[in-house]
Each structure stands twice: as C-alpha cells, then as structure tokens.
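Okay, here's what each chain looks like letter by letter:
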Amino acid sequence: MLVSVQNLHKSFGDLDVLKGIDLSIEKGSVVAVIGPSGSGKTTMLRCLNALEMPNKGTIQFEQDLRISFDKMPSKKEILQLRRKSGMVFQSYNLFPHKTAIQNVMEGPIVVQKKEKAVVQKLAENLLKKVGLEEKMHLYPHQLSGGQQQRVGIARALAIEPELMLFDEPTSALDPEIVGEVLTVIRDLANEGWTMAIVTHELKFAEEVADHIVFIDGGYIVEQGPPAEILKNPKEPRTKQFLNRLLNPS
Amino acid sequence: MLKFQKNGLVKMYLNNLLGAADPIVDWELFQSSLWPMIQGGIQYTIPLTLISFTIGIIIALLTALARLSNSKILAGIARVYVSAIRGTPLLVQLSIIFFGLASIGLVIDPFPSAVIAFSLNVGAYASEIIRASILSVPKGQWEAGHAIGMTHKQALTRIILPQATRVSIPPLSNSFISLVKDTSLASTILVTELFRKSQEIAARTYEFMQLYITAAILYWIVCFTLSVIQGRIEKRLDRYVAK
Ligand SMILES: Nc1ncnc2c1ncn2[C@@H]1O[C@H](COP(=O)(O)OP(=O)(O)O)[C@@H](O)[C@H]1O
Ligand SMILES: [Mg+2]
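Heads up: the sequence lines are chains F and E, in that order.
According to the working numbering, the first sequence is numbered sequentially starting from 68.
According to the working numbering, the second sequence is numbered sequentially starting from 7.
Extracted from the complex, chain F is given alone in its bound form:
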C-alpha cells in the first residue's frame, strides 16, 4: 500500500466532519471518492496533505513516513507529508502573478531547489503533456477555465509527487470543456499515477477508477471496485445516493 490512513478524525469546532476514516490506496491505483455534498469528501482529501489538520489518527506512506495526529505533528513532518502529494483544486488556485510555465516551475525551483535549466525543460514537457505548450507564457487570466485547470495539474505533477489529489477538478468548468480535463486525468491513470479523485462524474469514475469510496456522514459507508459499488451497492445509503444522482427529479 502506498498510503494507509487509520482512524482519521477531523472536526471544525463542534462539527464532527470525519469520524474515523480508514483507507488504503494501492500504488498505481486510482481511487474515486463520491458522496453527498457536505459529507466530508473535500475535508478528507485536504487531511491527506495536511491542508486541514486532522485531530486524530495516522497517515502512513509506505515505510518512509508515518505521522500520528494524536498530538500536533512537527512542521518538518507536515512539510514531508505535503511534498509527497500534489493537489489539484476545484477553483484551480493558480498564482495569478506568474505565467503558466512559471506556475509549474515554482515548486521544483523554490521547494526542491532544482537547477533552473532542468526545471524549464521539465515544465515545458509537462505543459506539452497537458496540451498547453502554446500557452505557456500566458498569465492565468488569459486562459480558459479548462486551460487553467490543466496548468494546475502540471503544477502539481512538477514536484513529482507519489500521490495526486484532485478535488472535484471539473466542477467549476462549463460542460463542454469538462472533457479536456478528464482526458488529461485519464492519461495520467494510464501512465500509472496513484490518484485520489473527488468527483461527481460517475461515468468517469466507473471508467478510470480501480476503487470507489462512498462517504456519508463522516464515515466511509462502502468501498470496493466500481462494478460492485456503482452497479450492486449493498448499503441502502449508497443505493439512495446513486439513485438520486442518476435520476434527478
């Protein structure tokens, strides 16, 4: 297992959002996280790279890193954890004062202290991979939403993470450009990247994911292969959720 999460808890004040999450992510696998709005999907993803600090539980990356949140982890541990994963945000969060290629180069240069010429090459290749080699010197506000999100993906890939995290990467996009971002994510899956994707695109999840996790009320209610969870869910809550998504009244 690349990642093992044990008994993860997170609350905001009195609101218990995650009430004990256990999750394993196999190396090279794609995990799709589904569930009703407000069920804690984003919070769980953000806990995985400590953008949200869990109150309890452990996160382990193979044998390299094991962080217990039962007491406050050190700054160093948090940085180590963050450098293991790349995050793609729902609202892109590109750096508006930097061009596309500068956005991609920022991590390797500032965080990993790599040589500029090497990083330049790396960033050009990544932007080519996401189909933006012609736009690399444009600023984010000169790009469409789909293009910005693809820069966001390249920026996250640039630090060569072991795990890619996507929080509803297409939900801010117009329907006609959702496809261009999904295509990029599909390519990454085929290349063997380990990914956790929060999504409402059930068809995409079915096609790309190896493992589906259904979250509701702060717990993982049910998880398993797509064929099982999406076609033959056991839990009534999963059935109810899927019904509502597939047959919106």
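Hint data in this document are derived by calculation from the structure and do not stem from the laboratory.
Just so you know, even glycine gets a beta-carbon here, dropped at the ideal spot from N, CA and C.
Take these hints with a grain of salt, some might be off.
As the list claims (entries may be wrong) - Listed next, the stretches of chain F that the computed footprint assigns to chain E, with coverage defined by at least 3 CB atoms under 8 Å from CB atoms of chain E:
#1 173-186
#2 194-206
#3 221-230
#4 271-281
Stated by the list, open to error - Interface residues of chain F toward chain E, partial, derived using beta-carbon atoms under 8 Å:
#5 L82
#6 N116
#7 L118
#8 F156
#9 S158
Position chain E with the ligands against the provided structure of chain F, taking the given hints into account.
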C-alpha cells in the same frame, strides 16, 4: 511703479485687470522668492519625503507581519504602536521628537527629527494598508503554495506579498502624496523646507498672501504630477491583476 514697465506687458495687463493701484502680485518679489522656495523643496521637502517614505514602508511591512503573526507579544506591540501614532496629531509627534527630547537632553537636529517622526507616521498608517492587502489575497493562494510543499515563509514571499503589493500600490501612492504635503509641518521644527522658506520671506516682506499662494501652487504642481503618474501605474497594474 517703475518695475511695472520692466516686467512687461502681460504682467501689467494682469495687474491692471485686477484693478489694483497697489499691485496684488509683486512680480519682482515673485521672481526673487520662487528660487529659494524651490531650493527648499529640492533640499528638504523631496529628500524628507523620499527618505521617510522608504523607511516608513519598511517599518510598515514589519508591523503588518507582526500584527498577522501568531506571537501575541509581537502583535500586541504592533497594535499599540499603530494605535498611538494614529491616535495623536502629527504636529504633536514632531514636537515631542524635536522639542520634547531636546528638553530632556536628547538633542536631535531638525532634519533627522523630521525623518524619524514622518517615518514612524508612515509606518503606522501604511502598515494598515499592507495588512489589509495581505489579508485580501485569497486563502487558496496560501494553500496552493503549501500544497507544492512551500514553507510559510516561502509562500509569504513568493506568492502572497507579490500579490499584496499590487493591491496596496494605489492606497500607498495616496499616502505618498499626502506625505509630500505633510512635510510642510517640518517647518515648525526649523527644517527650512519649501513652506518654511516662504514663511521666512513673508516675515521680511509682509506679503503673506502672495508667498503662501506661491507655496500652495508649488505643492499643487508636485502633487498633481504625482497623481498623473499614479493613474498611469494603476492602469498598468489593472492589466495584470487577475479578476
Ligand atoms: N474550514 C471549515 N470550517 C468549518 N466548517 C467546515 C470547514 N470546511 C468544511 N466544513 C464543513 O464540513 C463539512 C464537510 O465539508 P466538505 O468536506 O467540504 O464536504 P464535501 O466536500 O463532501 O462537500 C460541511 O458541513 C462543511 O460546512
Ligand atoms: Mg467538496
């Protein structure tokens, strides 16, 4: 009345238009007073503005960061400083630093006294501008920095401050223009800047109206020029700031 002929037709016409038997504008005095005033501006008003603003901005940045820091002590000190400066008149601050300190044995020359007072003043007011502009950068920008593994300091200097700077430039240029005018208060602590030069000449000639109007026009010209430049800068910034 002799000087009338010497000063040419236009001026004569102007004076006659004003209908004064005793001319309102004394052109000879105008000519002889203009240069000393401009000199006062070049020697003191401009350096005082530039030096105080530069030091003030550095103080302001440190103060803003202190107020935003997790340290209660730093934040507390910064808050008291800002409150004290904003809650007292600039004229009183100048007087304390020059006359007050001198009376308890700490004598500082007029110009450095003025630099200290104006720097502290700019530091307090601009710190509020800088603090607000740091807070105006969306939280997602910090998170994007942290997500690629940046430390707090890296995210601050590489991601947040460059964006905050763009936000703060328009209000900071207003502060700069205000400072140009406020430096006239240094006249009260014997700095022979533009306004004090005009006061000195007025005291000799009793032409208060003319000299003070001349001083006003000189300030106006400088501030008007600065506001034109400010407009240009803002237009350029607008182009690159994401909406
Ligand atoms: N920073 C926060 N402060 C307080 N409450 C929060 C915060 N972030 C999320 N929540 C709450 O936690 C719950 C789960 O949110 P979230 O993880 O965003 O759900 P999802 O992504 O599944 O829609 C919601 O009730 C939300 O209001
Ligand atoms: Mg969410």
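Outcome of the hint check:
no.	hint	verdict
1	173-186	holds (count 5)
2	194-206	violated (count 1)
3	221-230	holds (count 4)
4	271-281	violated (count 0)
5	L82	19 Å, violated
6	N116	6 Å, holds
7	L118	5 Å, holds
8	F156	6 Å, holds
9	S158	6 Å, holds
In summary, the structure is inconsistent with hints 2, 4, 5 from the numbered list given earlier, while agreeing with the others.
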